[in-house]
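K.L.:
Start from chain A and add chain B according to the hints.
2 protein chains.
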Amino acid sequence: MTFEIAIGPNIRKSPFFDATVRDGVRSFSVYNHMYIPGHFGDPDAEYDRLVNGVAMWDVAAQRQVEVQGPDAGRLVQLLTPRNLTGTRVGQGRYVPICDHTGWLINDPVLLKLSEDRYWLSVADSDIHLWALAIARERGLHAIVSEPDVSPLAIQGPKAVEVAAALFGDWVRDLAYFGFRETTLGDIPLIVARSGWSKQGGYELYLMDRDRGTELWDSVKAAGAPFGIGPGAPNDTERLESGLISYGADMRVQDCPATPFEMGFGPLIDLDAGHDFIGRAALLQERSHGPARRRVGLFVEGDVPPPGHPLDLCRGSECVGFVSEIARSRRLGRVIGLGLLRADIGDEASGLEIDLPGGRCPVQLTGLPFIR
Amino acid sequence: MTFEIAIGPNIRKSPFFDATVRDGVRSFSVYNHMYIPGHFGDPDAEYDRLVNGVAMWDVAAQRQVEVQGPDAGRLVQLLTPRNLTGTRVGQGRYVPICDHTGWLINDPVLLKLSEDRYWLSVADSDIHLWALAIARERGLHAIVSEPDVSPLAIQGPKAVEVAAALFGDWVRDLAYFGFRETTLGDIPLIVARSGWSKQGGYELYLMDRDRGTELWDSVKAAGAPFGIGPGAPNDTERLESGLISYGADMRVQDCPATPFEMGFGPLIDLDAGHDFIGRAALLQERSHGPARRRVGLFVEGDVPPPGHPLDLCRGSECVGFVSEIARSRRLGRVIGLGLLRADIGDEASGLEIDLPGGRCPVQLTGLPFIR
Chain A
468 MTFEIAIGPN IRKSPFFDAT VRDGVRSFSV YNHMYIPGHF GDPDAEYDRL VNGVAMWDVA
528 AQRQVEVQGP DAGRLVQLLT PRNLTGTRVG QGRYVPICDH TGWLINDPVL LKLSEDRYWL
588 SVADSDIHLW ALAIARERGL HAIVSEPDVS PLAIQGPKAV EVAAALFGDW VRDLAYFGFR
648 ETTLGDIPLI VARSGWSKQG GYELYLMDRD RGTELWDSVK AAGAPFGIGP GAPNDTERLE
708 SGLISYGADM RVQDCPATPF EMGFGPLIDL DAGHDFIGRA ALLQERSHGP ARRRVGLFVE
768 GDVPPPGHPL DLCRGSECVG FVSEIARSRR LGRVIGLGLL RADIGDEASG LEIDLPGGRC
828 PVQLTGLPFI R
Chain B
468 MTFEIAIGPN IRKSPFFDAT VRDGVRSFSV YNHMYIPGHF GDPDAEYDRL VNGVAMWDVA
528 AQRQVEVQGP DAGRLVQLLT PRNLTGTRVG QGRYVPICDH TGWLINDPVL LKLSEDRYWL
588 SVADSDIHLW ALAIARERGL HAIVSEPDVS PLAIQGPKAV EVAAALFGDW VRDLAYFGFR
648 ETTLGDIPLI VARSGWSKQG GYELYLMDRD RGTELWDSVK AAGAPFGIGP GAPNDTERLE
708 SGLISYGADM RVQDCPATPF EMGFGPLIDL DAGHDFIGRA ALLQERSHGP ARRRVGLFVE
768 GDVPPPGHPL DLCRGSECVG FVSEIARSRR LGRVIGLGLL RADIGDEASG LEIDLPGGRC
828 PVQLTGLPFI R
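Just so you know, the protein sequences line up as chains A and B, in that order. With positions in the first sequence counted from 1, the corresponding number in the numbering used here is that position plus 467. With positions in the second sequence counted from 1, the corresponding number in the numbering used here is that position plus 467.
So that you can see chain A by itself, here it is in the shape it has in the complex (with noise of 0.2 Å):
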């Protein structure tokens, strides 16, 4: 069953929108308010170039909350539990943030651009609206704003010779999540070694909203030689990667985690003095440890229509969710993931999930499903 997607000034369209339309773009979904593409008509090749070959993707809808001032550097260690102390200009993290009770609001990258300049590149939540507040209500100097930055991935195992050959040879020295400022010619952009995917890959950050379909041409005619093609982030691959997605696998208004639940608690680091929002009640959670822990599963049955989280059941108990399930192309499996009450080990059994058609037995594993 599909439908149509209402096209109106509610929803922003990306500075990629016309040229993904050109290049036969069939799905959209929303993210951060802007469209962003579901798929190109064809989503087992895009899958394909996405784990042997190399894709291109419009993830413009990652929106970079920019934190800029005297204070900037105290404003974002506010906002994460993770230590930011020794990052260096030029280094991205991934920085989890929470609210004031521990759950957590976004999982964005930070890329530190100065001593006194950030971006928060954001999954989909308002996370200006939560900086903004917090930075105001604490008096610091620091401005909360959307810069016009919007991310074009190039994602896949032969990515690195697009970017190569876009950039040159210094991009394949770029650390994992480093960036660098550079231009396309005299396209303004950042070269990140980053992206949604354990794929490997970069994000071009452009910086001029008005070249959008100059750089995504650029991207396609360099990686031309390479086999690249467009596709968008794919849930099939991140489920294998064991990737999180803030909104599919949490959300603090109606599907709440904590950072330790979803297994971030080798990033973060109580012991290290450094106040951040939501330190008590990690603090707290620490000493009872999490109720909850992340679970890949096997599931023995078709895959669902797409939607709500599913209940994972052990008899006539709720001990968990699965938030999305897939075919697994590359394990011939239905696989998900979910989130587990911490009490029930790998080697339970009698879980079943709840599926429209009835009940299906799942088996549970490590994460990921594939390395």
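None of these hints come from the bench; they were simulated from the model. Don't take each hint at face value.
Same chains, same names: a pair is fine if it fits in one copy or spans any two.
Claimed, not checked - Dumping the calculated EDC-like pairs for lysine to aspartate or glutamate here, alpha-carbon to alpha-carbon at most 20 Å: (1) LYS480 - ASP721; (2) LYS480 - GLU613; (3) LYS480 - ASP821; (4) LYS687 - GLU613; (5) LYS480 - ASP778; (6) LYS687 - ASP490; (7) LYS665 - ASP675; (8) LYS687 - GLU471; (9) LYS665 - ASP615; (10) LYS480 - ASP742; (11) LYS687 - GLU604.
P.N.:
Positioned in the frame of chain A, the structure of chain B alone reads:
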């Protein structure tokens, strides 16, 4: 040109989703991270039902931000420039919300459920995060949450007959924005005289997500004698009526506007002495007058493809923007809404809109287009 909407786990389904699918919904948009119907295949008939008969809309995406606790009243007053003194239980108020700089970040309807419990029925931004940050940073005793509440709107001149058939004649005496908690059979809900149209009507705030289809079908059955049919918030009618759409007309991230610019001046009493966020900025704006004003305009040309705000020009100067344009069926003309430099009066000549196909003259006019 039409595109599919990707149906996936990162966008929530409304409790009325299944019923709208069964009843032929053809397009969706996304609002507050939830699918919201766009149309059901016959936009002209849907418009006619709204302005001449009665329509039913799934507006569950108009989520509620609940504020509850001893400081709930203090918190909601902090959030809005509108003076809430004298607001009674059972009364709704339209409450613009500003950031500390006086930019609008939402324009919800506030429902006062009791002295210590309120709902903000929000437009498309994460006011949940904003209210949470303000509450915690100020140490207020108020819980901020998203309750299980999903509005279904009944709109149009015959809406009162449908509501009376469902609930009894008392609904005829409900004041505009007044509401009452009740049940339909044993379905818990709130009946409010409200809705995002100027055709009159009600919103039923369903308080049990498992009973969406049941409520939908009850309204459908009660409305059948009056020719009810499914529809959705209607862009043409909202333009004719001069209704504001946060996200389309303004958005703090990339298209900010102030309450004075949007014409909310009469709602704001800066001399009452109550404290609220943005007060200093609004006092300053009042002292020198708003920089822009909201205008209606007639466009001498065709309706352009929907999308970005369009520049409003006078000669080589950009003097404002147009947020949305549509052909008014009742006026037989192309109309639009925009923000224009405040020093340019209604009698100004030589204004043009910058359309993809070239410039096109516009003529200013008062709002609303149709009363």
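K.L.:
Indicate, hint by hint, whether the structure satisfies it.
P.N.:
Verification of the supplied hints:
In this assembly of identical chains, LYS480 and ASP721 lie within 20 Å of each other by CA distance solely across copies; the values are 12 Å between and 27 Å within a copy. Within a single copy, LYS480 and GLU613 get their C-alpha atoms as close as 15 Å, which meets the 20 Å cut-off; across copies the closest is 28 Å, which misses it. In this assembly of identical chains, the alpha carbons of LYS480 and ASP821 lie at most 20 Å apart only when taken from different copies (17 Å versus 37 Å within one copy). In this homomeric assembly, LYS687 and GLU613 never come within 20 Å of each other (Cα to Cα): the closest approach is 27 Å inside a single copy and 43 Å across copies.
For the identical chains of this complex, LYS480 and ASP778 are inter-copy neighbours only, at 16 Å across copies versus 35 Å inside a copy, given an alpha-carbon limit of 20 Å. For the identical chains of this complex, LYS687 and ASP490 are intra-copy neighbours only, at 10 Å inside a copy versus 42 Å across copies, given an alpha-carbon limit of 20 Å. With identical chains, the CA atoms of LYS665 and ASP675 are never at most 20 Å apart, being 28 Å at best within one copy and 40 Å at best between copies. With identical chains, the CA atoms of LYS687 and GLU471 are never at most 20 Å apart, being 27 Å at best within one copy and 24 Å at best between copies.
Taking the closest pair of Cα atoms, LYS665 and ASP615 never come within 20 Å of each other, the shortest separation being 27 Å inside a single copy and 36 Å across copies. Neither within a single protomer nor between protomers do LYS480 and ASP742 lie at most 20 Å apart by alpha-carbon distance, with minima of 38 Å and 37 Å respectively. When the C-alpha separation of LYS687 and GLU604 is checked against a cutoff of 20 Å, the pair qualifies neither within a copy, at 45 Å, nor between copies, at 47 Å.
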